[in-house]
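Could you build the full structure based on these sequences and the hints that come with them?
With this note's numbering applied, the sequence shown covers 1 to 153.
Don't read these hints as lab results, they were simulated from the structure. These figures come from a predicted structure and were not determined experimentally. Think of the CB as a built atom: it goes at the ideal place given N, C-alpha and C, for glycine as much as any other residue. One should not assume that every hint holds.
What the hints assert, rightly or not - The following label-pair restraints were derived from C-beta to C-beta distances: (1) Ile74 - Phe120: 32 to 38 Å; (2) Asp52 - Asp106: 20 to 26 Å; (3) Pro78 - Gly44: 20 to 26 Å; (4) Val82 - Asp33: 20 to 26 Å; (5) Asp50 - Asp21: 34 to 40 Å; (6) Pro78 - Asp33: 30 to 36 Å.
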Amino acid sequence: MKAHLIAGLFLLAAPVLAQEDMVIDQTKLYVSDPAACQALEKQGVDAWMDMDFLSLSFTSGIQSMEFHCNFYDIKSRPNTPVLFVEAVCEIPGDLYPDMLAIAPHDDNAIRVSSSNDAMFSMINGVEPDTDSPYPGGTTIYHRCDNLSEIPLD
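See the structure below:
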């Protein structure tokens, strides 16, 4: 009986152990729209004029046309792929602190959960995207394997 219980607990923990093998590549650029990787490579910062997307780099934070979050502290823990980020975000006319949880989504993407966005989605009754298994305030960012920063040309 005890052996069955131990085996059952191991099976429940197996998906968690498998996710620990995933590592977030902090040297790459991530975007909320996979097509933005190619647009940024070809157009640089002008890509935001044609597309509505967010970019994330661990050196520059999160950026879009009228939104920016500077990362002040990135913390990690042994034996987990999850990162905890303290940030200060700006939109025109407003400045606010935020906390982000960043975890692997799959081999080529990360999911970013913003405490501020989650709070606003709950207060405003915003339903999460029906295609997403995650609650409001979570954004999937796709890794741009061809870029490590935004070309400024």
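For a quick check of understanding: which of the numbered hints are violated here, in increasing order? 1, 3
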